[in-house]
Amino acid sequence: MILAFSEDLETALEILAKGRELADSLKTELASVSFRQGSEEKHIESGADRVFLIDSEPHADPVVDGISSLLEQFKPETLLIGGTRLGKEVAPRLAQKLGVGCATDCIDFSLEEKQLTIKRLVLGGRFIAVQRFLKKPRIFTLPPRKFEKKMDKSRKGELIKIPFMPSAQKVQVLEIKKKAPQELRIEEADVIVSGGRGIKKKEDLKLIESLAQVLGGAVGCSRSIAADFKWLSEEHWVGLSGHKVKPKLYVAIGISGQVQHIAGIREAGTIVAINSDPNAPILKACDYGIVGDLYEIVPKLIEMLRKNDGSR
Amino acid sequence: MDIIVCIKQIYDLAQIKVDSASRRPVTEGVAKKLSDFDKNALEEAIRIREKHGGKVLAIIRGTKDAAKEVLAMGADEAVIYEIESDSLGTATFLAGMIQNMKYDLILCGEASIDEYSFQIGPRLAQALGIAVLTYARRIELKEGGIVGERDLENGYELAEAKLPALVTVTKDINEPRIPTLVQILGASKKKITETGHAKPESGVETLSIQAVEMKRKGIILKDIGELARVIISEK
Ligand SMILES: Cc1cc2nc3c(=O)[nH]c(=O)nc-3n(C[C@H](O)[C@H](O)[C@H](O)COP(=O)(O)OP(=O)(O)OC[C@H]3O[C@@H](n4cnc5c(N)ncnc54)[C@H](O)[C@@H]3O)c2cc1C
Ligand SMILES: Nc1ncnc2c1ncn2[C@@H]1O[C@H](COP(=O)(O)O)[C@@H](O)[C@H]1O
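As they're listed, the protein sequences go chains A and B. What the first sequence shows, in this note's numbering, is residues 4 to 315, in sequence order. What the second sequence shows, in this note's numbering, is residues 230 to 464, in sequence order.
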């Protein structure tokens with residue numbers, strides 16, 4: 004059995020679609036777990052044969068307890084976990100409890116002669132490690148918004164209630180403050196316009212924002228802008244230690260393109276760069292680049308794009 | 230307040246080159262440094278001690294130089310060791326060492342910069358049977374407990390746990406200090422214990438590590454008109 008879990012519905016559906024392919028190759032069953040998620044029939048449409056319903060809040064402690072009890076009862080050989088922040092806490096905890104390995108943020112996996120190998124980025128995102136599991140269950144996490152979901156309304160499956168009594172929780176959640184909506188999920192934007200240290204002062208970020216607006220996209224930035232200058236909040240920060248994004252179009256403006264920034268945009272469709280330094284690494288790491296002063300190029304570009312919009 | 234900080238010394242990633250034939254990383258001669266967020270964990274431990282008293286013990290995978298830097302920043306004592314294993318082996322080894330120690334709080338980075346696996350903190354807490362607060366961008370001690378503000382996808386979660394507990398910190402929690410010359414000199418009097426080279430059993434095996442191929446076109450455009458056309462067609 005393959006058991007899949009994510010507290011985030013979209014992520015759950017994505018990993019179930021991937022899990023379905025794996026289950027078919029391994030000729031095994033695919034099950035999922037839901038902690039008061041609702042919409043469980045979608046798990047079935049997305050590939051689950053069975054959905055275990057656990058009546059508990061999706062906090063780390065009860066999720067670890069709940070999945071542990073399923074592991075004891077059903078002994079799945081593979082545990083596929085959505086790589087949200089909760090998922091990346093729960094997966095290693097379960098692995099430690101069972102004394103097995105775990106691979107987080109796998110960008111791909113494959114099966115050859117029943118041997119499962121995973122790929123993940125290491126050493127600052129510049130290298131790919133291929134790893135295999137030495138023990139079962141194999142536990143790994145897949146990043147959200149990386150894999151397509153595939154729904155089939157005609158699929159059949161069962162919903163099964165699992166009686167569950169969480170043990171005394173070690174962590175009490177006191178309060179959740181929502182992040183402001185405009186700050187959320189740069190991961191989901193189709194177009195991202197990002198600014199770096201080539202921008203001289205905070206007010207000049209307007210250039211980036213106007214271009215993003217014309218393109219109907221989100222605003223991103225390099226670490227310097229978010230962490231050193233604090234001109235934009237962390238939600239805009241793209242890169243290895245920021246957000247890993249995969250828009251159709253990524254426009255990097257005044258960003259040098261250090262490896263840690265590139266690590267966040269590997270999955271972008273097309274990368275366009277504007278930089279005044281012909282030797283900036285971004286000009287080798289992009290699809291289309293232009294050498295020049297952003298203060299001259301961006302306003303003209305905005306104007307041309309606006310006109311183009313008007314003429315359509 | 231007895232605080233343990235788990236620290237890993239890593240290669241300076243920017244200095245790692247790619248072997249052109251095998252595409253494998255070349256680490257010979259590459260300098261080492263403390264993993265970034267581990268410094269945030271250490272800084273936080275020192276601040277807590279400065280406010281509440283107690284002791285900061287650093288457990289470091291790395292060299293004596295790493296220990297000296299950690300002690301100069303303000304840890305009271307350091308243990309150094311080397312290990313050949315994965316997250317399972319490392320966490321099990323650390324838990325074995327820590328379970329016989331006296332501690333109220335363990336701090337880790339949210340992830341190490343080279344592996345970026347986010348595993349050791351949660352695993353260690355699980356192995357020790359203590360509470361864990363991951364992704365804390367702020368922590369505060371309360372009577373017998375700790376409150377952390379956790380940075381999650383959609384919001385900031387305020388969560389509370391009894392001590393002993395383990396907290397993994399994000400880069401936002403503080404700005405790590407740079408030790409002064411006096412502190413660097415003073416650190417030479419502090420205790421460093423070496424525990425040798427461990428090789429515990431792993432749960433995953435790495436088969437290969439190779440440079441990511443760059444598949445970008447790298448076309449340099451001549452004017453803004455071309456740039457506008459590209460953007461319109463690619464968006
Ligand atoms: C562990 C670790 C993690 C990191 N994680 C991240 C991360 O997640 N994200 C990230 O971005 N960085 C990260 N970094 C930092 C990264 O190494 C770089 O320092 C950072 O990306 C540089 O930001 P930048 O490109 O904005 O600035 P710079 O490197 O200073 O580049 C500015 C660029 O702007 C150009 N420029 C200047 N003026 C103009 C102008 N008028 N018009 C056009 N171009 C101009 C310059 O030619 C230059 O190329 C990390 C570093 C470490 C060590
Ligand atoms: N070998 C190690 N020795 C001590 N602490 C470690 C070690 N590896 C990781 N850590 C700690 O665990 C955190 C998460 O690391 P990782 O699971 O490798 O992403 C790091 O930020 C360190 O605080």
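No lab work stands behind these hints, which were simulated from the structure alone. Be careful, since some hints might not be right.
Unchecked claim - Going by beta-carbon spacing under 8 Å, a handful of chain A positions derived as facing chain B:
| hint | residue |
| --- | --- |
| 1 | Gln118 |
| 2 | Leu304 |
| 3 | Met307 |
Stated by the list, open to error - Computed cross-link-like contacts, DSS-like style, restricted to lysine-lysine with a CA-CA straight-line distance of at most 25 Å:
| hint | chain 1 | residue 1 | chain 2 | residue 2 |
| --- | --- | --- | --- | --- |
| 4 | A | Lys100 | B | Lys428 |
| 5 | A | Lys303 | B | Lys451 |
| 6 | B | Lys331 | A | Lys249 |
| 7 | A | Lys173 | B | Lys371 |
| 8 | B | Lys428 | A | Lys251 |
| 9 | B | Lys297 | B | Lys280 |
| 10 | A | Lys152 | B | Lys464 |
Where a beta carbon is used, it is the ideal one built from N, C-alpha and C, also for glycine.
Right, here's what the structure says about each hint:
Against a cut-off of 8 Å between C-beta atoms, the interface hint on glutamine 118(A) is violated, since the closest Cβ of chain B lies about 10 Å away. Interface restraint check: leucine 304(A) against chain B, minimum CB-CB distance 6 Å, threshold 8 Å, status holds. Residue-level restraint check for methionine 307(A) holds (minimum Cβ-Cβ distance to chain B is 4 Å; threshold 8 Å). Taking the CA atoms of lysine 100(A) and lysine 428(B), the gap is near 20 Å; set against the 25 Å cutoff, the hint holds.
Straight-line distance between C-alpha atoms of lysine 303(A) and lysine 451(B) comes to about 14 Å, which keeps the hinted pair within the 25 Å bound. Taking the CA atoms of lysine 331(B) and lysine 249(A), the gap is near 46 Å; set against the 25 Å cutoff, the hint is violated. With a CA separation close to 15 Å, the supplied pair lysine 173(A) and lysine 371(B) stays within the 25 Å bound. For the hint pairing lysine 428(B) with lysine 251(A), the CA-to-CA distance comes to about 45 Å; that exceeds 25 Å, so the pair is violated.
Pair hint lysine 297(B) plus lysine 280(B) holds up; C-alpha atoms about 23 Å apart against a cutoff of 25 Å. For the hint linking lysine 152(A) to lysine 464(B), the alpha-carbon distance of about 22 Å falls within 25 Å, and the restraint holds.
Violated hints, listed in ascending order, are 1, 6, 8; each of the other numbered hints is respected by the structure.
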